[in-house]
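Please work from the sequences and hints to get the whole structure.
In the numbering used here, the protein residues as written are 18 to 580.
Just so you know, the hints here were simulated from the structure itself, not pulled from any lab data.
Note that this is a predicted model, so its numbers are computed, not measured.
Quick reminder that beta carbons are idealized off the backbone N, C-alpha and C, glycines included.
Incorrect hints may have been included.
Stated by the list, open to error - Calculated lysine to any residue pairs in the SDA-like style (CA-CA distance at most 20 Å, straight line):
| id | residue 1 | residue 2 |
| --- | --- | --- |
| 1 | Lys114 | Met92 |
| 2 | Lys243 | Arg354 |
| 3 | Lys447 | Gln462 |
| 4 | Lys337 | Lys114 |
| 5 | Lys315 | Ala347 |
| 6 | Lys528 | Gly488 |
| 7 | Lys243 | Glu314 |
| 8 | Lys303 | Met266 |
Stated by the list, open to error - Per label pair, the in silico range of CB-to-CB distance:
| id | residue 1 | residue 2 | range |
| --- | --- | --- | --- |
| 9 | Pro299 | Gly171 | 13 to 23 Å |
| 10 | Glu249 | Gln118 | 52 to 62 Å |
| 11 | Glu440 | Trp551 | 31 to 41 Å |
| 12 | Gly103 | Asn179 | 46 to 56 Å |
| 13 | Asp226 | Glu175 | 47 to 57 Å |
| 14 | Gly53 | Glu164 | 12 to 22 Å |
| 15 | Pro299 | Arg93 | 19 to 29 Å |
| 16 | Asp246 | Cys205 | 39 to 49 Å |
| 17 | Asp97 | Asn212 | 55 to 65 Å |
| 18 | His289 | Glu361 | 43 to 53 Å |
| 19 | Leu355 | Gly485 | 56 to 66 Å |
| 20 | Gln118 | Ala261 | 36 to 46 Å |
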Amino acid sequence: MTTTTQEKQMQTTESMTRPLSAEQLDSLQKFAGTIGRFNAGFSVFDTRADCLLDASATGLDGDVAQIAEYADRTMRLGGDDIQRFGQSDEILTVCLKGFGQTVAVAVVDTRPATPGDGGDISDPAAPAKTAALLLRDSAAAHSADTEYLAEILGLFAENFNNSAKAEMQIENICTELSQTYEELMLLCNLSSNMNVTQSDCTYLQMACDELTQLVSVEGIAIFLEKKVDGEERFMLTAGSGVVAIDHVMADILQVHLARELGEGKEALLDSHVDSPFKYQWPERIKNIIAVPLAGSEKMIGVMVATNVVDKPDFDSTDVKLFNTVAHQCAVFMENERLFGDLKELFIGALKALTSSIDAKDQYTRGHSERVAFISRWIAERLAETRPLSDDQIHKIYLSGLLHDVGKIGVNEAVLCKKGKLTEDELARIKSHPQIGASILSEIKQMKDIVPGVLCHHERIDGKGYPKGLKGDRIPLIGKIISLADAFDAMTSRRVYREALSIKAAIVEIRKGIGTQFDEEIATVFLDSDIRKLWDIVQDGFIERWDYSNFSEYGGVAVGTLIK
18 MTTTTQEKQM QTTESMTRPL SAEQLDSLQK FAGTIGRFNA GFSVFDTRAD
68 CLLDASATGL DGDVAQIAEY ADRTMRLGGD DIQRFGQSDE ILTVCLKGFG
118 QTVAVAVVDT RPATPGDGGD ISDPAAPAKT AALLLRDSAA AHSADTEYLA
168 EILGLFAENF NNSAKAEMQI ENICTELSQT YEELMLLCNL SSNMNVTQSD
218 CTYLQMACDE LTQLVSVEGI AIFLEKKVDG EERFMLTAGS GVVAIDHVMA
268 DILQVHLARE LGEGKEALLD SHVDSPFKYQ WPERIKNIIA VPLAGSEKMI
318 GVMVATNVVD KPDFDSTDVK LFNTVAHQCA VFMENERLFG DLKELFIGAL
368 KALTSSIDAK DQYTRGHSER VAFISRWIAE RLAETRPLSD DQIHKIYLSG
418 LLHDVGKIGV NEAVLCKKGK LTEDELARIK SHPQIGASIL SEIKQMKDIV
468 PGVLCHHERI DGKGYPKGLK GDRIPLIGKI ISLADAFDAM TSRRVYREAL
518 SIKAAIVEIR KGIGTQFDEE IATVFLDSDI RKLWDIVQDG FIERWDYSNF
568 SEYGGVAVGT LIK
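Right, dumping it as structure tokens:
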């Protein structure tokens with residue numbers, strides 16, 4: 018060999034660093050020093066029989082090919098035993114193993130570099146008997162050293178292999194801990210984001226996105242049972258990546274999954290890795306896992322993933338993870354259903370309450386719903402010019418819905434009186450904002466609704482009631498409902514007068530700017546498409562708007578109170 022000692026050392030360190038850890042490299046260097054004290058050579062060869070380390074006193078330059086051959090034969094023999102080569106078994110070799118396979122071969126050359134210290138056996142002056150004795154004693158000593166070195170090499174190899182196994186176990190444990198931590202973080206994220214006021218699509222999509230960060234698959238999808246053309250079908254609701262499952266195949270998948278669950282299995286697992294597919298799938302699918310989203314009474318959905326990337330097939334660990342995530346999704350769906358029932362109950366109770374109030378006067382039936390809608394109309398357009406959140410708009414809507422709840426404490430005879438009211442009767446009419454606010458203030462969720470109920474008859478000039486607030490002392494919600502209430506009152510027939518036309522109502526609102534109505538609110542309303550608003554209101558407004566019915570939007574609005 019022509020490389021210098023320094024170059025050889027650099028090559029040794031570089032090549033050993035790849036298959037061996039720093040601890041293994043350090044142990045080999047230390048062991049080389051131990052062997053050197055016995056006047057023996059030590060070298061290490063990689064799995065290609067290339068020399069990685071040469072710690073021989075005189076180097077392997079003359080014997081490297083022969084020693085490399087011994088190393089190669091040792092690797093092919095495998096095993097943990099010491100192998101012996103040479104005319105007198107003076108070359109000792111053993112496999113060094115790591116991560117379940119041979120990573121190198123250690124070689125001890127027991128041939129001494131110089132003759133023993135028992136005298137010069139080539140001296141012609143020495144008697145023949147003395148020379149023979151010296152040779153015999155030298156051979157005996159060398160044989161003893163060889164056996165001792167073999168024992169040391171065996172112990173070193175055993176320790177090396179055990180250390181490698183321990184290192185592999187530690188690495189596996191670290192990998193499992195990391196995987197477990199990521200799974201716990203996934204479940205923590207799903208739990209912390211379980212906000213029932215968000216849509217099921219949003220939550221389920223988040224679950225799919227989080228899961229794809231943890232499991233390497235070609236695609237993940239969630240199908241939920243929905244009614245389509247009068248039939249229950251499993252429809253794609255959320256997903257990530259590419260899943261070769263359409264809504265028709267999803268129905269078939271659900272049947273297969275139900276069969277597997279009926280046989281006591283936790284999931285549907287199918288692939289052609291070890292055997293042919295159990296079921297027929299689209300050609301793109303190589304392996305598939307499906308788990309149920311179970312409701313209180315039946316399967317409400319299916320979570321499916323196809324074509325795992327970083328291993329041959331889905332396994333029991335995937336089954337547990339997917340089932341846990343699917344269960345979390347099912348819990349969210351069930352909570353959302355219960356929350357929806359609660360919202361419907363709440364809005365139903367509010368509607369019944371406002372309807373009972375409106376029913377006290379045949380001329381005001383539907384008034385509360387119209388005021389709620391007009392208030393929302395104004396708030397949505399005001400949000401285009403100043404910061405106003407959806408939650409605030411929903412609360413303005415609900416305050417408009419409940420603005421006259423205090424009339425429950427006013428006698429029907431007063432409400433429906435055709436003639437002029439007495440001062441006492443007028444005082445009772447004017448008390449309804451305060452009565453309504455008192456009723457609602459007992460419900461903590463209504464605290465943001467109360468100001469609109471209390472102040473919807475206040476005027477900018479301070480001549481309103483019940484408190485005679487003026488200008489900016491009137492809350493925004495009160496200003497909006499005041500205008501909405503006045504517009505509906507003007508355009509509706511009352512016991513004491515006929516309804517005004519839209520044109521006439523607009524003239525009255527313009528006249529009231531700065532006295533009865535806030536300028537900003539009135540301007541926003543007058544600049545809007547009032548004809549469109551009128552058509553929507555007259556045509557049963559909700560059906561012509563962005564929600565299918567009163568309860569649907571009302572449920573959304575109520576959600577801001579009880580979330």
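How the hints compare with the structure:
1. Lys114 x Met92: holds (10 Å)
2. Lys243 x Arg354: Cα-Cα ~14 Å, so holds.
3. Lys447 x Gln462: Given that 20 Å is the threshold and the Cα spacing comes to 25 Å, the pair is violated.
4. Lys337 x Lys114: Violated. Lys337 to Lys114 sits at ~34 Å, over the 20 Å cutoff.
5. Lys315 x Ala347: holds (11 Å)
6. Lys528 x Gly488: Given pair Lys528, Gly488 holds - Cα atoms ~17 Å apart, limit 20 Å.
7. Lys243 x Glu314: holds (15 Å)
8. Lys303 x Met266: Given that 20 Å is the threshold and the Cα spacing comes to 16 Å, the pair holds.
9. Pro299 x Gly171: 13 to 23 Å: violated (57 Å)
10. Glu249 x Gln118: 52 to 62 Å: Because 54 Å falls inside the window, the suggested range holds.
11. Glu440 x Trp551: 31 to 41 Å: With Cβ atoms ~36 Å apart, the hint holds.
12. Gly103 x Asn179: 46 to 56 Å: violated (28 Å)
13. Asp226 x Glu175: 47 to 57 Å: holds (49 Å)
14. Gly53 x Glu164: 12 to 22 Å: With a Cβ separation near 18 Å, Gly53 and Glu164 satisfy 12 to 22 Å, so the hint holds.
15. Pro299 x Arg93: 19 to 29 Å: violated (46 Å)
16. Asp246 x Cys205: 39 to 49 Å: Taking Cβ atoms as reference, Asp246 and Cys205 lie about 40 Å apart, which means the hint holds.
17. Asp97 x Asn212: 55 to 65 Å: holds (59 Å)
18. His289 x Glu361: 43 to 53 Å: The hinted range 43 to 53 Å holds for His289 and Glu361, with Cβ atoms some 48 Å apart.
19. Leu355 x Gly485: 56 to 66 Å: violated (45 Å)
20. Gln118 x Ala261: 36 to 46 Å: holds (37 Å)
Violated hints, listed in ascending order, are 3, 4, 9, 12, 15 and 19; each of the other numbered hints is respected by the structure.
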